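Student: All chains should be modelled from the sequences, with the hints used to inform the complete structure.
2 protein chains.
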Amino acid sequence: MVDAKEFINKAIIEIKEDVGENKVISACSGGVDSMTATYLVHKAVGDKLIAVFINDGLRREGEPEFVVRTLKSLGINTRSIDAKEEFFKTLKGKTDAEEKRKAFRDKFYKTFGQVAKEENVKFIVQGTIKADVIETVEGIKSQHNVLEQIGINPQTYGYLILEPLRELFKPGVRTVARELGLPKEISERMPFPGPALSLRVLGEVTPRKVAIVRKATQIVEEETLNLGTFQNFAVLHNDKATGIKNGKRVYGNIITIRVVVSEDAVTATAKEIDYKTLFKIANRITKELSTVVRCLYDVTDKPPATIEFE
Amino acid sequence: MVDAKEFINKAIIEIKEDVGENKVISACSGGVDSMTATYLVHKAVGDKLIAVFINDGLRREGEPEFVVRTLKSLGINTRSIDAKEEFFKTLKGKTDAEEKRKAFRDKFYKTFGQVAKEENVKFIVQGTIKADVIETVEGIKSQHNVLEQIGINPQTYGYLILEPLRELFKPGVRTVARELGLPKEISERMPFPGPALSLRVLGEVTPRKVAIVRKATQIVEEETLNLGTFQNFAVLHNDKATGIKNGKRVYGNIITIRVVVSEDAVTATAKEIDYKTLFKIANRITKELSTVVRCLYDVTDKPPATIEFE
Numbered sequence: 005m006v007d008a009k010e011f012i013n014k015a016i017i018e019i020k021e022d023v024g025e026n027k028v029i030s031a032c033s034g035g036v037d038s039m040t041a042t043y044l045v046h047k048a049v050g051d052k053l054i055a056v057f058i059n060d061g062l063r064r065e066g067e068p069e070f071v072v073r074t075l076k077s078l079g080i081n082t083r084s085i086d087a088k089e090e091f092f093k094t095l096k097g098k099t100d101a102e103e104k105r106k107a108f109r110d111k112f113y114k115t116f117g118q119v120a121k122e123e124n125v126k127f128i129v130q131g132t133i134k135a136d137v138i139e140t141v142e143g144i145k146s147q148h149n150v151l152e153q154i155g156i157n158p159q160t161y162g163y164l165i166l167e168p169l170r171e172l173f174k175p176g177v178r179t180v181a182r183e184l185g186l187p188k189e190i191s192e193r194m195p196f197p198g199p200a201l202s203l204r205v206l207g208e209v210t211p212r213k214v215a216i217v218r219k220a221t222q223i224v225e226e227e228t229l230n231l232g233t234f235q236n237f238a239v240l241h242n243d244k245a246t247g248i249k250n251g252k253r254v255y256g257n258i259i260t261i262r263v264v265v266s267e268d269a270v271t272a273t274a275k276e277i278d279y280k281t282l283f284k285i286a287n288r289i290t291k292e293l294s295t296v297v298r299c300l301y302d303v304t305d306k307p308p309a310t311i312e313f314e
Numbered sequence: 005m006v007d008a009k010e011f012i013n014k015a016i017i018e019i020k021e022d023v024g025e026n027k028v029i030s031a032c033s034g035g036v037d038s039m040t041a042t043y044l045v046h047k048a049v050g051d052k053l054i055a056v057f058i059n060d061g062l063r064r065e066g067e068p069e070f071v072v073r074t075l076k077s078l079g080i081n082t083r084s085i086d087a088k089e090e091f092f093k094t095l096k097g098k099t100d101a102e103e104k105r106k107a108f109r110d111k112f113y114k115t116f117g118q119v120a121k122e123e124n125v126k127f128i129v130q131g132t133i134k135a136d137v138i139e140t141v142e143g144i145k146s147q148h149n150v151l152e153q154i155g156i157n158p159q160t161y162g163y164l165i166l167e168p169l170r171e172l173f174k175p176g177v178r179t180v181a182r183e184l185g186l187p188k189e190i191s192e193r194m195p196f197p198g199p200a201l202s203l204r205v206l207g208e209v210t211p212r213k214v215a216i217v218r219k220a221t222q223i224v225e226e227e228t229l230n231l232g233t234f235q236n237f238a239v240l241h242n243d244k245a246t247g248i249k250n251g252k253r254v255y256g257n258i259i260t261i262r263v264v265v266s267e268d269a270v271t272a273t274a275k276e277i278d279y280k281t282l283f284k285i286a287n288r289i290t291k292e293l294s295t296v297v298r299c300l301y302d303v304t305d306k307p308p309a310t311i312e313f314e
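Which chain is which? The protein sequence lines are A and B, in order.
Be aware that the first sequence starts at 5, since it is given in the working numbering, and climbs by one per residue.
Be aware that the second sequence starts at 5, since it is given in the working numbering, and climbs by one per residue.
Hints were generated in silico from the structure; no laboratory data involved.
Quick caveat: nothing in here was measured; it's all calculated off a predicted structure.
The beta-carbon is built from N, C-alpha and C at its ideal position, and this holds for glycine as well.
Treat each hint with caution, since some may be false.
What the hints assert, rightly or not - Computed beta-carbon distance windows for the label pairs: (1) A/P175 - B/F70: 50 to 56 Å; (2) A/K249 - B/E65: 30 to 36 Å; (3) B/G97 - A/K249: 37 to 43 Å.
Said to hold, decoys possible - Only pairs whose alpha carbons sit at most 30 Å apart, straight line, appear in this in silico DSS-like list of lysine-lysine: (4) A/K96 - B/K252; (5) A/K252 - B/K98; (6) B/K280 - A/K284; (7) A/K174 - B/K249; (8) A/K174 - B/K280; (9) A/K106 - B/K252; (10) A/K88 - A/K188; (11) A/K280 - B/K174; (12) A/K252 - B/K134; (13) B/K98 - A/K96; (14) A/K98 - B/K249; (15) A/K249 - B/K52; (16) B/K252 - A/K134; (17) B/K47 - B/K98; (18) A/K252 - B/K106; (19) B/K96 - A/K174; (20) B/K174 - A/K252; (21) A/K114 - A/K174; (22) A/K98 - B/K96.
Tutor: Below you can see the structure in the form of structure tokens.
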């Protein structure tokens with residue numbers, strides 16, 4: 005168990021030392037990891053930190069507004085960058101999972117790099133945690149915020165990286181967030197991947213497909229809010245399937261519902277959701293989204309699956 | 005409720021009258037519909053009937069051998085045609101569901117047409133039932149054995165079609181099958197679509213993908229044998245997803261498990277299978293099929309989904 009007070013005090017001292025009189029930018033996606041890392045750095049360096057929220061067009065319903073509002077309410081200097089068109093442009097035509105992750109990561113770093121130059125900063129804060137580091141080193145996935153671990157020189161992008169949470173697993177991060185007094189919506193927030201909804205649209209990522217999975221995600225989250233599970237989300241398949249809408253045969257979309265129990269994301273089990281809830285989710289999704297004809301429930305643990313589909 | 009004795013007697017008289025001194029070929033796929041139709045015609049015209057099993061490479065594990073053996077044990081003249089390569093050739097490169105159905109149907113009729121010419125027959129028996137007719141007229145699917153109803157001239161293919169079960173729904177067919185004394189493996193047999201496993205391989209149909217879905221289907225059928233459900237099967241997606249096998253990240257196959265309760269296939273509900281069984285199926289599939297990393301369970305009713313995916 006992490007001693008949160010001790011961790012925070014030590015981290016603040018280290019961050020102050022590392023940063024000196026330089027300016028810092030924090031990559032703030034809204035998850036517990038990046039918000040905790042950001043607030044920790046804010047505590048250490050105050051106004052030398054600028055939190056940046058990049059609106060990549062891939063966030064959940066209401067998330068951009070929520071993140072920016074929360075950052076400001078914490079007294080953090082905040083900049084919001086609208087990069088929706090650029091992200092969709094870079095993702096256009098890409099269908100391979102790893103290629104999509106790489107495209108997202110490159111655009112992410114380039115966008116941040118620009119802001120970092122404009123703001124004349126030297127450091128970028130990222131919410132990397134221990135599970136990300138382990139999995140990247142083991143080759144499970146290419147995480148967008150662990151460049152140092154995999155030997156890519158962050159200087160290429162024009163800045164150095166601060167990762168104050170890299171020794172913590174998820175439960176430790178939440179303990180620190182609570183100790184820091186972050187709002188509950190942050191400290192208890194479900195994990196959400198860096199490349200966001202782009203990982204939950206199989207095949208090419210388009211604004212239209214993201215809008216579908218965003219709405220399906222909202223429904224899944226609403227209906228599973230009280231389960232206490234680790235991650236609850238929706239995935240839009242590239243495959244289509246036959247269905248019947250208004251008495252006519254249609255060739256429609258498939259949504260998978262994924263709800264997992266996990267401690268640290270390294271392993272996970274599919275949650276035994278009661279069928280009443282599952283059927284309610286499937287009903288809502290196929291009714292509220294006119295193109296969706298089928299809902300599937302993922303019953304695979306990690307391993308052999310991963311939590312996300314890409 | 006169908007009076008099976010009366011139905012059989014009436015059908016035999018009508019078939020005799022229609023067929024006269026002509027020869028008849030029966031398209032025998034192994035399902036309760038085609039087997040019952042075939043045996044009914046055999047009762048009516050005896051040796052003037054030749055049952056033809058076309059091995060299209062798309063049948064379930066052990067099915068070709070089972071069908072031919074059963075037909076022979078019923079005393080029916082039987083011919084088995086190996087058309088595996090031709091069917092895969094015609095399906096090659098086709099990814100659209102309706103295009104695949106059409107390709108299957110055309111190849112099916114051409115193959116049968118050839119045999120019909122060789123055998124100098126005038127009639128072909130098909131196991132069309134009422135649900136097929138209704139759905140084709142309503143545009144839900146293009147069934148391969150209801151040409152007459154949708155206005156296609158069967159003469160194009162060189163023969164006339166006999167559909168003795170076209171007034172029956174599925175339970176009526178089973179009652180007739182029992183009354184005819186067909187083996188239980190036939191009278192209680194789960195429905196299986198004409199285009200067989202080609203509908204359960206999303207995207208292009210290849211021998212390799214059919215082998216995967218065939219094995220997954222066998223596992224699903226074995227583990228759900230005693231549920232008393234209407235249809236239990238597996239679908240292989242064209243989409244891929246990430247997973248972990250032997251500690252390494254892989255980009256693997258997705259299988260959907262589909263188990264439905266239905267009376268007549270016109271409507272259906274997803275079965276509330278207990279999770280123990282679902283997890284056992286998922287475990288077996290991901291262990292016994294090295295390329296599969298994920299198993300999903302279809303929780304959608306018909307409507308808005310259909311029973312099959314294509």
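Student: Need the status of pair A/K106, B/K252: alpha-carbon distance at most 30 Å?
Tutor: holds, 19 Å
Student: Next pair to validate is A/K252 with B/K134; report whether the Cα-Cα distance is within 30 Å.
Tutor: holds, 18 Å
Student: Does the Cβ-Cβ separation between B/G97 and A/K249 fall within 37 to 43 Å?
Tutor: Since the Cβ atoms of B/G97 and A/K249 sit about 29 Å apart, the hinted range of 37 to 43 Å is violated.
Student: Straight-line Cα separation of A/K98 and B/K249 no greater than 30 Å?
Tutor: holds, 25 Å
Student: Does the structure keep A/K174 and B/K280 at a Cα separation of 30 Å or less?
Tutor: holds, 29 Å
Student: With a cut-off of 30 Å on the C-alpha distance, tell me whether A/K280 and B/K174 pass.
Tutor: The hint holds at about 29 Å.
Student: Checking one constraint from the list: CA of A/K252 to CA of B/K98, max 30 Å. Satisfied?
Tutor: holds, 23 Å
Student: Compare the distance between the alpha carbons of A/K114 and A/K174 with 30 Å, and conclude whether the hinted pair is satisfied.
Tutor: holds, 28 Å
Student: For the range 30 to 36 Å, tell me whether the beta carbons of A/K249 and B/E65 fit it or not.
Tutor: For B/E65 against A/K249, whose Cβ atoms are near 35 Å apart, the range 30 to 36 Å holds.
Student: Run the distance test for B/K280 versus A/K284: straight-line Cα separation, threshold 30 Å.
Tutor: holds, 22 Å
Student: If you draw a straight line from the CA of A/K88 to the CA of A/K188, is it 30 Å or shorter?
Tutor: holds, 28 Å
Student: Taking the CB of A/P175 and the CB of B/F70, does the distance hold inside 50 to 56 Å?
Tutor: Check passed, 54 Å falls within 50 to 56 Å.
Comparing the model with each earlier hint shows violations of hints 3, 15, 17 and 19; every other hint is respected.
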